[in-house]
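Quick mapping for you: the protein sequence lines, in order, are chains A, B, C and D.
In terms of this note's numbering, the first sequence opens at residue 1 and continues consecutively.
In terms of this note's numbering, the second sequence opens at residue 101 and continues consecutively.
In terms of this note's numbering, the third sequence opens at residue 744 and continues consecutively.
In terms of this note's numbering, the fourth sequence opens at residue 1247 and continues consecutively.
Keep in mind the hints are simulated off the structure, nothing from the lab.
No incorrect hints appear here.
Derived pair list, reagent style DSSO-like, types lysine-lysine, alpha-carbon separation capped at 30 Å:
1. B:126 / C:1182
2. C:1182 / B:205
3. B:258 / C:1182
4. B:258 / C:1177
Quantities reported herein were computed from a predicted structural model and do not represent experimental measurements.
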Amino acid sequence: MVPLSWYVGLSSALFLVGLVGVLVRRNTLVVLLCIEIMLNAVNVNFVAFSKYQHVIDAQILVFFVITVAAAEVAIGLGIIISLFRLKGSVNIDDFNILKL
Amino acid sequence: MSFYVLIPLLPLIGFLITGIFWPYFKGKGHIVTVPLMIASWVLSLRAFSETMSGPSVHLKLFDWIDSGSFHVAISLMVDHLTAIMLVMVTTVSTLVHIYTVGYMKDDSGYDRFFAYISLFTFSMIMLLMSDNLLELFVFWEAVGFCSYILIVHWYERKPSWVAANKAFIMNRIGDFGFMLGILLVYVVFGTLNYSEIFQKLPAHIHDSINLWSAFNGTTHYSVITVIALLLFVGAVGKSAQLPLHPWLPDAMEGPTPISALIHAATMVTAGIFMIVRLNPIYNASAVAMSVVAWTGALTAVVAATIALTQRDIKKIVAYSTMSQLGYMVMACGIGAYGAGIFHLLTHGFFKALLFLGAGSVIHSMSGEQDIFRMGGLSRAMKITFATMMIGSLALSGIPPFAGFYSKDLILSEAFQSGPTGHIFWMIGVLTAMLTAFYTFRLVFVVFLGKENFSEGEHHHGHEGHAPHESPLVMTFPLIFLSFMALTAGWAGNHYDIVGFLSQSMTVPHPTARPELSEDSLKAISVIVGLVGILLAYFLYAKPSTVPQRMAHQFKRLYSLSLNKWFFDEFYDLVFVKPTIFLSFLLWKEVDKGVIDGIVNGVAEFCQTSAASLRRLQTGQLQNYALVMAIGLFGMVSVFLFIR
Amino acid sequence: MTFLSIPILTFLIFFPIVGGIFLLPFMKMKNSDTTVKWVAVGITVIEFIASLTLLIGGNPGTFQMQFAEDHLWIPFANIHYTLGIDGISLVLIIMTTLLMPMCIFTSWVGINKRVTEFMIAILVLEGAMIGVFAAMDFILFYVFWEAMLIPMFLIIGVWGGPNRIYATIKFFLYTLAGSLFLLLAIISLYFEGGHTFNIVSLMGQHYSPIFQDFAFVALFLAFAVKVPMFPFHTWLPDAHVEAPTAGSVILASVMLKMGAYGFIRFSLPMFPKASVFFTGFIFALSLIGIIWGAMMALAQEDMKKLIAYSSVSHMGFVTLGIFVFNAQGVEGAILQMINHGVTTGALFLCVGVLYDRTHSRLLSDYGGIAKVMPVFSTMLVIFSLSSLGLPGLNSFVGEFLVLLGAFRANAAVGVIAAIGIILAALYMLYLLSKVVWGKYEPRSWALPDMNRYEWASLLPLLVIVVWLGVQPNALLSMLHVSVTHLLGQVSSASPLASLSGGF
Amino acid sequence: MEILSFVYFGGAILLSALMVVIFKNPLYSAMSLLSMFAHVAGLYVILEAEFLAGVQLLVYAGAILVLYIFVVMLLNVQTQGRVLQKQAPVVFGAAVVAAVEVAFLISRSHFYPELPPVPQPGVPPLGNTEMIGMVLYTKYLFPFEIASLVLLIALVGAIVMAKGKLKFR
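Pulled out of the complex, with its shape left as it was, chain A reads as follows (with noise of 0.2 Å):
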């Protein structure tokens, strides 16, 4: 039987791989890619704890994430590609406009 601890340990560390990649990458298409790994990295830690604790209700909790990374996904990519449109790069230090 695997321990409880070692699907947390998994979960961090895909969460750690996830940040970084958000942290680090210049293509936004990659970083919305990395947060997708971030959101994952959560839902397999609800699954775990489910299983674990006979909790169903993390499984829906799973269900919602899901959706709404579907939903980011989709104002996300519309996001950049407004951006190409306008700048002519997906490089993320490219949009700084808001700044004075």
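We have chain A already, so just place chains B, C and D on it with the hints.
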């Protein structure tokens, strides 16, 4: 309402009508003010006659200020002192009103001028009729304002408004002391009403005040002395005593009628009136009395020495006014209040006469004021010459003219007032000689001798003919005033004006006078006056080089006198320039530099620090996220390791 | 008491604001300027007439708040909509409503861009100012206090002179910084004073000395900026110089009074011990302010700056009078507030008259205008004389009473304050000499005498200047009871023995 | 067996996640992500969440990722210059610290042992999908509706933005 109200009210109505509707009068301002003034004069004569027989009148008009325990009402009080002053003031004022009709003819500010002299007369009458210190102060300042606005009548000339400012500010400095005196009176006595003050005076006579308590001082002064001296500061300003006198000669920049009315006969005597009115307070303080006496004596002699060398006809008369005011103040200082007021009255008549005469001369010379550019005017201006002669004789104290009686009374009282009295007497006699000299210097230079002006030279834009006698509206007041200058002294002496006045003083005047020295004293002062006149005759009646040579001989003294003892220069150097310099310095350096600098500095600090902090805001989303992550893990570390 | 069946104070506050809102549609209309001006005049005149009903309905014999209204406003913090006035606020409200029509008349020529917006700002400002004087709930007071800043900020910032942005931001930030301390004090009072913002019930509490001191200092900072007292005054000249005439008038006549009103309404009755404790400090600042303002005025070349600095000097008398804690001082201070409002307001109107013709405020550009503008010159002379405290005109009575009160409290203070009166003569006569007297030299501009709008703005003030000089009792009688009550509140908390210096 | 499959799936997940971050070409990253999604789905199966595993594959792999790849190919951006941000070294340093922290945290934490399944008398045990259905449409009905609303809004938003008629300043 009794007719007393009308005495001040009529000039006030005159002022309001002419003042508000002046654009519509178009040179007819006198048709309202002059009749009203004459009516006021008649009423004040009636007031005088009623007071002669009856008790003093007291009318409360309305409550003015009520605040806590502080109550002041505007009231009218007519006692002997007020009544007799009223007669003098309204007489001179009426005559000046009439004189103005001729003198100010063709002046663009004719109607305005009438409005203001009516306002002045109203204020002066109220000043005389006031029954408490604050009311006195109000009209004290009001007459000062009228003086200001009348000096500045010809506002386009720079000397006018400079002189007006000087007059107002010097009076303000005096009033500063006067106001502090009033405040102290209220704090000590709890009232500002004359009769109540005098009632409570004995209880406070030994009170003392620690003036420097705010600075932990311990010296105590007599309250009464402090009050008397503070109030006297006001009188020094208003009556042009040393050291607040320089405004009076400069005030001659105003039209001559107001010089006669305000700066000779009435307003400047307000200081003396105030001292006499408050005589119980002054009597209670020997220190204050001697200060008053010395101030007066010094003013008398200093002004007389200045008058010796002046060339401007009005300035000579102005310095003589100042000198005579010194006489009156000195009289008050030695306790001879009655004599002081007597001299005030006679002086009011003959000095107004001299000024109006001088005005008549100036009028005929089309504005020329330098006596050495006149000469020989007696042929063309017989009435003016005669009346000026009478005025000068009265001023010089030659019997039987008015000045003789009043001046002589002061001198004899001074002589009898103890050891220092002799010094005052000597100063008085010296001043009398100087007075006679410079007065007749003026008369001889202007009216005798050869004509020092060329025909038509001073007549640009005017008729362009030789000096002429003034019209009747101007000569009539001269004649009337000469009559007064002739008779007022004799009448005052004959009807014992001093005794009459003593009824309105709480401290009765000592009536017992040693007869011993009277006649010799009189003789001395008359002789001294004649000497002065003769001296003036020899030096100035005929063309002579002696004055020039003397001026050369005593260069320093001459320059001291000519430059008015350098008072103006001294004030300029010590007060005016430093104040202005300091103001600019403080404004530029401290107000703008330090105070505003701190304010702007705070703003600038915020701006610069924000500008440098702004760089943290890179606009890079990932930077923010990194900082968030670091913060998160930092918090976890804190949670883990520093529990 | 109601007006048009609305409680009178509510009516006074909201009538101009609602009027301003009704003016909004005019913003887009062409050629509506004259209409808007007349509508604004109508609103302010109705407002003035309505405020006079306070005089009729008010009872001068009680210190209780009159025309009181009380509604729960924000329940969770016990914040009420409470209004009420006593004699002190009454005279200030009437002065405010009186001055507003004049501000509009004086803008007739001077304001010619965005007229509708200007009038709206003025009207909203009027409502807020009356709200400040009428509010009896601390939060409500604070709301009006801050609301007042916004229209003023716009008036200076939009219709001001060349350096208007600097001036208006300085004014706004300075006042706001002070106000934050006021908010601090209000909140701490809420917790110390039994969870209420009601001003009257906050007055009835006893606070610990330490709290009194801190709260007093907080309130002092807020009010001292507004008055302005000596080291906090530098925003005033800048704001005045840049503000349009109406702005200067409101600023000088009404807004400066808010600070002094704050001292009277809050500092004294709520923190009597602290007030007594800080008396020496306030005296010192007031005296420095009196002398300093006067000396600064002497050094000015700009007419508006000169008058602005003279305000510093005059307001020094007000703060001095408030803290001498006797009837003469406090009544004199309130009278001085009104007098300063009328006189300085009038002086700013006069400068506005000149400025509209020449677009210059420099003394050196004038001289001898008595020749071409005799009527106006007469007015200017009278108002200047009133400002320098000539007896018979209004300012004298206030200054005299303050001096009397100060002299009773401490002779040295009275003496130093009296020097300010000499200096007042110096700078006002300097102004007159430079502007009115002298030789008139024609310049590129024409100087016609006053037009009818200028008459309408100056004549009522002239009448008041003379009337208050001759009959100050008309005003003083409204104050007696309130002032006595106020002094009772102070002296009941602290014996004044330490103050009677001098003897 | 279970441990083995955990090690396989976990390792594959981590590896493909790392590839996502490492690949320079976004298309490759997307493909690695596909692999990660698939393996996560496998992990769900081990954890007896078959329904979620299905959803994971259908929604993530089938819908979201396809969308990604569409966009990546639509934009067809050539990656120029740096792949990583300038702050990358800091990030890596912080990540190491964070990893240590997390490891420490996990090692220090005490996890409850697996609870025994609660026997439910009289009720036949339900499958995973049925249970989710039961809870989702009863207890979480309202959030479910909200989720649908979120999706709707996302739909509308995506259309609006992608249309590109809006003018950005």
